[in-house]
Each structure stands twice: as C-alpha cells, then as structure tokens.
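A.B. asks: What follows is the residue order along each chain.
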Amino acid sequence: MQTGSVNKQQKFTISLIGPILLAGFLCLSAAGGSLAWGTTAQAPQSSWFVDMNLFSTSAHGALKCEECHGPMVGMDKSHPDEKSPAFMKQDPKRTFDYGMCQKCHKKSYDRYQNGEHAKAMKKEKETGQVSKTGFAPTCGDCHSAHYSKSHVSRVETGKAMTETCGTCHPDQRDSYLANYHGKAAVNLAHEKAASCTDCHGAHESLSLKDNPQTLTTCQRCHPDATENFADIIIHDSALHADKKNETKQSGLTKVNILGFLSYVFIVLVLAFFYGHSFLLMLRKLHEKLRK
Amino acid sequence: METTQRSTKTYQRFSVLHRLLHIIIIVNFTLLAITGFLLRFSNWDWAGFLVSLMGGAAAAGTLHRFSAVFLYVGILIHVCWLFYYKFALKGQWFGPASLVPKTKDFSDLYQNLRYVFGKGKPPMFDRFSYLQKVDYWAVMFGMQSMGITGLFMWFPEYFSTIFPGYWINVANHFHFHEAVLAVLYIGIVHMSDTHFLPEVFPIEKSIFNGKISEERFKQEHPEEWKRVNPVQE
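Protein sequence lines correspond, in order, to chains H and X.
Number 146 in our numbering belongs to position 146 of the first sequence; there are no gaps in the numbering.
Number 136 in our numbering belongs to position 136 of the second sequence; there are no gaps in the numbering.
You may find that some hints are simply not true.
[Unchecked claim] Calculated lysine-lysine pairs in the DSS-like style (CA-CA distance at most 27 angstroms, straight line):
1) Lys-102/X <-> Lys-288/H
2) Lys-90/X <-> Lys-288/H
3) Lys-205/X <-> Lys-291/H
4) Lys-205/X <-> Lys-64/H
5) Lys-9/X <-> Lys-102/X
6) Lys-211/X <-> Lys-291/H
7) Lys-102/X <-> Lys-122/H
8) Lys-90/X <-> Lys-291/H
9) Lys-291/H <-> Lys-119/X
10) Lys-288/H <-> Lys-218/X
11) Lys-9/X <-> Lys-209/H
12) Lys-284/H <-> Lys-90/X
13) Lys-102/X <-> Lys-291/H
14) Lys-93/H <-> Lys-119/H
15) Lys-291/H <-> Lys-192/H
16) Lys-288/H <-> Lys-226/X
17) Lys-226/X <-> Lys-90/X
18) Lys-121/X <-> Lys-291/H
19) Lys-288/H <-> Lys-86/X
20) Lys-211/X <-> Lys-159/H
The set of hints was computed from the structure by calculation and includes no laboratory data.
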C-alpha cells in the first residue's frame with residue numbers, strides 16, 4: 001500500500017518534469033530577444049552628431065577628425081556653412097569627398113574604382129539620373145566611417161553584409177538566404193560558407209554574369225569545379241531573372257517547373273493517403289467503441 | 001465485452017534481420033530529418049542553437065551524410081537478402097507472401113473504401129496489406145530518390161560535369177519535397193495505419209519482437225492464415 005503510494009508520488013513528479021522543462025524553454029525563448037546573445041551592435045542616437053563614445057571604440061577611433069575631414073574650410077567657406085540654405089539638409093554621404101579614404105585604404109579604393117558600383121556612379125553623373133536600385137554607393141554607403149568596428153569575425157561580417165548589401169539588393173539577399181550558402185553562413189554561423197563578398201568581391205562588386213569569371217569565383221572554394229558548375233543557380237529568385245545569362249534563365253525556368261510539379265505530386269499523394277487514413281481510423285474507432 | 005479466453009499462442013512474423021533493419025531505418029531517418037530540416041529551416045530562432053549543440057553546421061552536415069550512408073547500407077543489405085533468400089534459396093519473387101503489388105491490392109483498396117463508408121466487410125489481406133506494401137515501396141523508392149538527389153548536392157562538382165548545372169537546383173527541390181513527403185507520410189499515415197490502430201495503440205510490437213498473436217494473425221492477415229494453417233480452418 002505504502003510503496004504503491006510512493007510510486008504514485010514519483011510518477012507524479014516525473015510527469016511534471018516535461019511541462020516544467022517546456023515552460024523553462026518558453027521563458028528562455030521569450031527572453032531570448034533581450035539577452036546578450038540576441039543583441040547586435042548599438043546604433044548611434046543621432047544622425048546629425050557623431051556619438052563620440054561609439055566613435056572612440058570604432059576602427060577609426062584613434063584618428064583625429066581633421067585627418068578625414070580636412071581643415072573644414074574650402075572655397076572660402078567654412079564647413080558646416082551655417083549660412084547655406086541647405087545647411088544640415090544635405091546627405092553627407094553624397095557630398096563627402098571619399099578620395100580621402102585612399103590615404104590608408106589604397107587597394108580597396110582602387111578596386112572600387114574598377115568595380116560595378118563606380119561604373120554606376122559614372123553613369124549617374126553622366127545621365128543625372130539615379131538607377132532603379134538607388135544611388136550608386138560610395139564608401140560611406142556600405143561602411144560607417146565613424147562606427148564600424150575592427151576585428152569583427154568572419155561570421156559577423158557575413159551577417160552584417162546581408163543587411164548592408166540587402167538595403168539596395170533585397171531580392172538578392174532573400175535568394176542568398178534561401179540558398180545553402182546563406183543558410184550555413186548567416187543562420188548557422190558556418191565559417192567556410194561564402195557570404196556576399198566572397199563571390200562578388202567587396203569593392204569590385206562584380207555582377208558575375210559572365211561564366212568564365214563566375215567559374216573562377218566558384219573554384220576558390222570548389223577547386224574541382226568545371227564549366228557547368230558555374231550554371232548552378234545561387235540567386236534563384238524569378239524577380240531578377242532577366243539579369244542572368246541565357247543558360248541560367250532557361251535553367252531557372254526548368255527548375256521552377258520541375259519544382260512545382262514535385263510540389264503538386266507530394267500534395268496529391270499526401271491528400272490521398274491522409275484522407276484514406278483518416279476515414280479508416282474513424283471507421284476503426286467507430287467499431288471499437290460500438291463493441 | 002468478449003469473455004472468451006485470449007489465445008496466448010504467437011507466430012513468428014518478422015525475422016531478426018527485418019526487425020534490425022526497421023530499427024536502423026528509425027534511427028537514421030530521424031537523424032536525417034532533424035539535421036536536414038534544421039538546415040532548411042535554419043532561420044528558425046532555435047536552429048542555430050540546436051546545430052551548435054551538434055558541433056556546428058559542418059558537424060551536422062557530416063552527421064546527415066553519415067546517417068544517409070548508414071541507412072542506404074541497410075537498404076543494400078536488404079536487397080542482398082532479397083536476392084539470397086527469395087531468389088537463390090526459395091526461387092520465387094512474386095508469391096502471395098511477397099510485397100510485389102498485385103491486382104488484389106486494387107480490389108482490396110476498393111473494398112476497404114466501401115468498408116470505410118459502412119458498405120461492406122474489411123478486405124481479407126494476405127501477408128501484407130496494400131497499405132503495408134505502400135509503406136514498404138514508399139521507403140524503397142524514397143531512399144533511391146533521396147539518395148540520388150542527395151549525391152547531386154554532396155558532389156556537385158562531379159555531377160555538373162555530366163549534367164547541366166541547373167540539375168543541382170532541381171535536385172535541391174526534389175530532395176526537400178521528398179523529405180517533407182517522407183516525414184509527413186511516415187509521421188501520420190504509417191503511424192495511424194500501423195501503430196495507432198485501436199487494437200494495438202500506442203505501438204505495434206510485432207516489428208520489434210517479431211511475434212504476432214494468433215488472434216491478430218487471423219484478424220489482420222486471414223488469407224495468409226488460411227495458407228499457413230489450412231487444417232485449423
């Protein structure tokens with residue numbers, strides 16, 4: 001009698017463990033957002049003034065303002081020019097002379113000058129029109145001169161990239177994140193998986209439309225890759241299919257058709273067998289309860 | 001309530017090899033599903049944490065490939081057994097006890113549907129009912145398609161030398177859809193038509209201990225019973 005009741009007590013305690021663990025998990029997941037591992041780099045409070053606390057911990061924290069901003073006087077005007085009607089209305093990213101950056105970052109600067117973004121910039125200046133994607137970016141559009149930190153891990157940089165590049169290229173970001181590379185690198189923190197700049201180059205920003213160039217890119221991680229390998233579609237969104245070469249365009253159409261067919265197939269198979277199992281179970285339960 | 005004494009006599013239904021293979025499939029199938037879906041749905045909040053518990057994305061990938069090879073070796077052992085036992089030893093493939101689909105399966109399906117709607121008696125199954133055959137062939141064909149598409153993604157460098165590059169993308173779609181099908185089929189259909197039946201709920205033990213009771217034998221596989229015990233009819 002006594003042993004029986006003790007066993008009951010134990011069973012009761014054991015059966016409680018499940019719900020308690022579940023509750024703990026739920027609490028943790030609710031709190032997850034505010035805990036340390038969930039937070040990203042702090043954003044500065046104001047976009048008008050430089051947050052010196054953040055600046056001093058950034059990669060450029062040891063530089064003096066004048067080293068990048070010059071003497072703050074040019075063409076007989078001081079900067080900022082308080083009398084100008086456009087005072088505080090201009091976007092410094094569009095007016096700042098990023099030629100300054102090459103004092104220390106010569107290689108990156110030269111690569112940028114040879115890259116797609118610089119070409120877009122040239123076009124923008126010639127035609128006076130901004131492309132559909134947005135302003136052709138200069139250094140400051142991707143890098144925060146005041147707040148970017150140094151010694152950021154490869155995984156963190158890759159994660160930040162999806163946001164930086166994704167600001168102007170949201171579809172490419174989404175298709176990258178739907179691809180194995182994006183899932184492994186961004187979601188699962190896999191160091192060997194490629195992030196945006198591993199393929200496209202940070203400062204050259206290649207479109208990788210031409211296959212010989214794409215293949216050389218693939219071969220950096222897949223040394224055995226041959227010609228057809230470069231036809232594997234990484235950004236499989238239909239939205240920008242027109243920017244791909246012809247092989248990839250026709251490939252993408254076939255992939256979508258076959259993918260749709262296999263989707264229809266599994267829906268039909270499951271619908272049939274779910275219906276079958278459900279009805280059979282109802283009948284069996286019916287007979288069991290009647291007995 | 002029935003008051004007749006239940007017969008405790010049991011019959012051997014599954015051999016040790018088949019019980020072992022079933023367990024190999026359970027373990028590896030589960031591992032494959034977990035690691036695979038953690039990659040596919042890695043944007044889920046807990047995916048990164050769970051994968052880090054496995055030792056990171058690379059380790060989870062290795063586990064996925066290891067389980068896949070393990071599972072496929074199980075399938076190969078089964079095929080070897082088929083050739084040795086069914087062909088070399090018994091010399092017949094398509095007997096009434098085999099898993100090969102027959103016209104009877106379609107009439108059984110029709111009769112079962114009539115039974116489900118209360119218009120007849122349940123069909124008289126032989127050693128394997130048509131649902132058990134579907135369970136078997138679903139795994140058998142599923143492993144081939146998962147294996148091939150999996151190899152495409154495992155060795156894209158090699159396969160893109162033979163096939164166009166977009167086939168790797170196609171393999172990716174097929175692999176995922178087939179995985180969803182497999183998990184939703186095994187999780188619901190196989191469970192409800194085998195383990196969750198009111199007679200055996202919550203588990204059908206015969207695939208684990210190899211035994212089936214006389215009562216269940218007569219009830220579930222009457223045709224086989226007739227063949228095996230013609231005298232006792």
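A.B. asks: Quickly compare the C-alpha distance for Lys-102/X and Lys-122/H to 27 angstroms and report which way the hint goes.
C.D. replies: This hinted pair is violated, its Cα atoms lying about 72 angstroms apart.
A.B. asks: Between Lys-288/H and Lys-218/X, does the CA-CA distance stay at or below 27 angstroms?
C.D. replies: holds, 17 angstroms
A.B. asks: Hinted pair, alpha-carbon criterion (27 angstroms max): Lys-93/H, Lys-119/H. Please report holds or violated.
C.D. replies: OK: Lys-93/H and Lys-119/H at ~18 angstroms, within 27 angstroms.
A.B. asks: Quick one, are Lys-102/X and Lys-288/H close enough, alpha carbons at most 27 angstroms?
C.D. replies: With a Cα-Cα distance of about 30 angstroms, the restraint between Lys-102/X and Lys-288/H is violated, given a limit of 27 angstroms.
A.B. asks: Please verify whether Lys-9/X and Lys-102/X have alpha carbons no more than 27 angstroms apart.
C.D. replies: violated, 31 angstroms
A.B. asks: Is the hinted pair Lys-205/X and Lys-64/H satisfied, with a Cα-Cα distance of at most 27 angstroms?
C.D. replies: violated, 77 angstroms
A.B. asks: Holds or violated: are the alpha carbons of Lys-211/X and Lys-159/H at most 27 angstroms from each other?
C.D. replies: Violated - the C-alpha atoms of Lys-159/H and Lys-211/X are around 55 angstroms apart, more than 27 angstroms.
A.B. asks: Is the Cα-Cα distance between Lys-291/H and Lys-192/H 27 angstroms or less?
C.D. replies: Answer violated: Lys-291/H to Lys-192/H is near 62 angstroms, above 27 angstroms.
A.B. asks: Is the hinted pair Lys-211/X and Lys-291/H satisfied, with a Cα-Cα distance of at most 27 angstroms?
C.D. replies: holds, 26 angstroms
A.B. asks: Measure nothing beyond the straight line between the CA atoms of Lys-90/X and Lys-288/H; if it is 27 angstroms or shorter, mark the hint as holding.
C.D. replies: violated, 40 angstroms
A.B. asks: Quick one, are Lys-205/X and Lys-291/H close enough, alpha carbons at most 27 angstroms?
C.D. replies: It holds: about 23 angstroms lies between the C-alpha atoms, which stays within 27 angstroms.
A.B. asks: CA of Lys-102/X to CA of Lys-291/H, is that 27 angstroms or under?
C.D. replies: With a Cα-Cα distance of about 33 angstroms, the restraint between Lys-102/X and Lys-291/H is violated, given a limit of 27 angstroms.
Checked against the numbered hints above, the structure violates hints 1, 2, 4, 5, 7, 8, 11, 12, 13, 15, 19 and 20; every other hint is satisfied.
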